[in-house]
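Colleague: Line by line, the protein sequences are chains A and B.
Count along the first sequence from 1, add 110, and you get the number used in the working numbering.
Count along the second sequence from 1, add 771, and you get the number used in the working numbering.
Calculated from the structure, these hints are not laboratory results.
Incorrect hints may appear among the rest.
[What the hints assert, rightly or not] Once the Cα atoms are required to be at most 25 Å apart in a straight line, the calculated DSS-like pairs of lysine-lysine come out as:
no. : chain 1 : residue 1 : chain 2 : residue 2
1   : A       : 271       : A       : 310
2   : A       : 271       : A       : 317
3   : A       : 375       : A       : 319
4   : A       : 122       : B       : 809
5   : A       : 459       : A       : 434
6   : A       : 498       : B       : 824
7   : A       : 343       : A       : 410
8   : A       : 319       : A       : 410
9   : A       : 410       : A       : 346
10  : B       : 824       : A       : 410
11  : A       : 112       : B       : 809
12  : A       : 140       : A       : 375
13  : A       : 140       : A       : 404
14  : A       : 317       : A       : 272
15  : A       : 319       : B       : 824
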Amino acid sequence: MKLAYEKPVINKLRSGLMNKFGWSPAYARKVRTNIDGVSIDDLVERYGSPLFVYSERTARQRYRQMYNAFSTRYPNVQFGWSYKTNYLQAVCALMHQEGAIAEVVSAMEYDKARALGMPGDQIIFNGPHKPYAALEKAVSEGAVINIDHLDEIVDLETIAKKLGRTVHVGMRLNLDAGIYPQWSRFGFNLESGQALDAVKRMASGGKLKLNGLHCHIGTFIMDPQAYAREVEKMVKFGYEIEDAFGFGMEYLDIGGGFPSQSRLKGVYLPPEVAIPNIDEYAETITTALSHALKPGDFPKLIIESGRALIDEAGYLVTTVVATKRLVDGTRAYVADAGVNLLFTAFWYKFNVELDREAGGVNETSVIYGPLCMNIDAIDEGIQLPPLKRGARLIFSPVGAYNNTQWLQFIEYRPNVVLVTTNGEVEVIREAEDLSDIQRRERLPKHLELLKKA
Amino acid sequence: MRTLSQLALSDEGFVFDPNTGDSFQVSATGLFLLQALKDGRGDDEAAQLLTEKYEVTLEEARRDCADFRSRLRNLNLA
């Protein structure tokens with residue numbers, strides 16, 4: 111009887127360079143055979159590779175866990191689903207079913223929310239570019255508008271005059287919450303007096319009524335205290351302008367930026383150690399609010415979380431299409447998906463799992479994607495056992511930003527499926543074909559190469 | 772090929788190069804292959820031997836032999 115085969119591996123032994131984690135431990139190999147009970151084999155056989163897979167169960171669990179963390183500590187909480195994080199219709203609809211309103215940052219996203227059936231008054235319109243027509247539509251439909259700059263004040267006053275009524279607006283602040291780098295390009299700066307000047311401008315115009323404050327201090331914020339500093343400053347500013355101008359703050363929108371269990375490149379500790387629990391954020395924020403707010407005053411606390419709600423629900427199943435040995439001896443794999451589908455690979459080091467056990471000694475390996483570009487590396491320096499062509503690698507968490515920032519560059523974008531809470535599989539975005547790429551193109555007659563029969 | 776023929780191999784997969792003092796760790800199939808190459812077998816013959824002892828197709832064995840040879844060159848062993 112023949113012996114089981116594993117690929118031949120030889121590695122040089124180096125003294126003096128040992129680390130406390132040892133070398134190529136078998137337990138470092140991670141295997142995922144299914145997603146919510148649906149086998150990876152079945153998924154790839156039915157829907158091809160690469161394949162984005164979303165877990166409805168995980169998405170709903172994450173939402174409920176985070177919402178409960180805040181709503182059990184503060185009486186007036188509203189989540190706004192951050193469309194830019196993932197605007198697949200099924201994902202947005204799922205978040206709306208759970209109770210989130212829509213948070214959009216462009217005219218396109220506004221149209222998407224409306225097309226999905228969200229009424230205007232269930233949409234928060236943020237972002238630095240709100241074209242006049244979109245802004246006018248949003249105002250007339252009752253959307254929550256958070257002003258980014260002075261020119262928007264002018265546009266909104268024009269719209270208010272045209273509609274013949276006062277328009278309720280929020281304003282976006284940027285402030286020092288102790289986060290480096292400080293995000294200062296959005297909204298009006300608090301500490302320099304810019305925000306107060308903008309409020310004066312609105313008050314003197316007489317056409318806008320400020321009823322809310324918005325601030326988004328950054329992304330992947332790993333320090334809950336930064337949010338405490340943010341809300342303290344927002345509340346203080348809110349009371350100052352209420353006293354000076356009579357504008358009462360009906361809502362405080364603290365933005366998003368809550369981290370997922372992804373691993374930022376350059377962070378040494380694993381996410382389960384480095385990332386605070388969502389309850390820590392909720393406790394810190396609501397405690398800061400209760401200290402800053404006047405007794406009996408409970409403005410609506412709006413949270414625009416995206417990544418923390420959907421990242422863990424997303425997986426990308428890929429297939430190794432070639433194995434290579436680089437000139438320096440490093441093992442390299444070419445996968446059928448790269449940074450074209452995993453745009454966030456530039457910032458995050460994903461969890462990589464195999465779909466089955468693989469024998470052999472781990473080697474330091476690189477995983478390249480299918481692009482003809484040197485930057486198309488999803489992981490450089492991962493420890494993997496020797497893999498065969500056809501082996502499958504499952505990347506996670508990938509639910510945030512990849513299906514909005516993915517590139518249509520030399521490859522078709524693949525199927526996206528949802529494993530429902532019942533364990534059924536639904537296609538939520540079909541794989542592209544050439545017609546999707548060329549539908550908007552026009553070929554001038556004199557450039558036609560083929561004579562039509 | 773002088774280096775290859777001079778390598779000291781242990782049954783447990785420890786490899787010592789007396790020319791440089793470097794030592795290496797090799798997997799079971801790697802040891803089998805290294806022994807075959809050390810004995811002067813060509814890649815095709817070594818691949819054939821792999822298929823006789825292990826559950827592997829000739830195509831995959833040839834592919835892996837070529838890769839292993841390339842790895843040996845990278846480690847200055849061939």
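Colleague: Given the proposed pairing of residue 271/A with residue 310/A, does the C-alpha separation stay at or below 25 Å?
Modeller: holds, 19 Å
Colleague: Please work out if residue 271/A and residue 317/A have their alpha carbons no farther apart than 25 Å.
Modeller: Cα-Cα ~7 Å, so holds.
Colleague: Would you mind confirming whether the straight-line C-alpha gap from residue 498/A to residue 824/B stays at or under 25 Å?
Modeller: holds, 19 Å
Colleague: Need the status of pair residue 459/A, residue 434/A: alpha-carbon distance at most 25 Å?
Modeller: holds, 21 Å
Colleague: Within 25 Å, alpha carbon to alpha carbon, are residue 140/A and residue 404/A?
Modeller: violated, 51 Å
Colleague: Is the hinted pair residue 343/A and residue 410/A satisfied, with a Cα-Cα distance of at most 25 Å?
Modeller: Distance of about 16 Å is within 25 Å: holds.
Colleague: So if I understand the rule, the pair passes when the alpha-carbon distance is 25 Å or less; does residue 410/A with residue 346/A pass?
Modeller: Distance ~16 Å between residue 410/A and residue 346/A Cα, so the pair holds.
Colleague: Next pair to validate is residue 112/A with residue 809/B; report whether the Cα-Cα distance is within 25 Å.
Modeller: holds, 23 Å
Colleague: For the pair we were handed, residue 375/A and residue 319/A, check the Cα-Cα distance against 25 Å.
Modeller: violated, 44 Å
Colleague: Against the 25 Å threshold, does the CA-CA distance of residue 319/A and residue 824/B hold or violate the hint?
Modeller: violated, 82 Å
Colleague: Can you confirm whether the C-alpha distance between residue 317/A and residue 272/A stays at or below 25 Å?
Modeller: holds, 11 Å
Colleague: Holds or violated: residue 122/A and residue 809/B, Cα atoms, limit 25 Å.
Modeller: Within the cut-off at roughly 18 Å; holds.
Comparing the model with each earlier hint shows violations of hints 3, 10, 13, 15; every other hint is respected.
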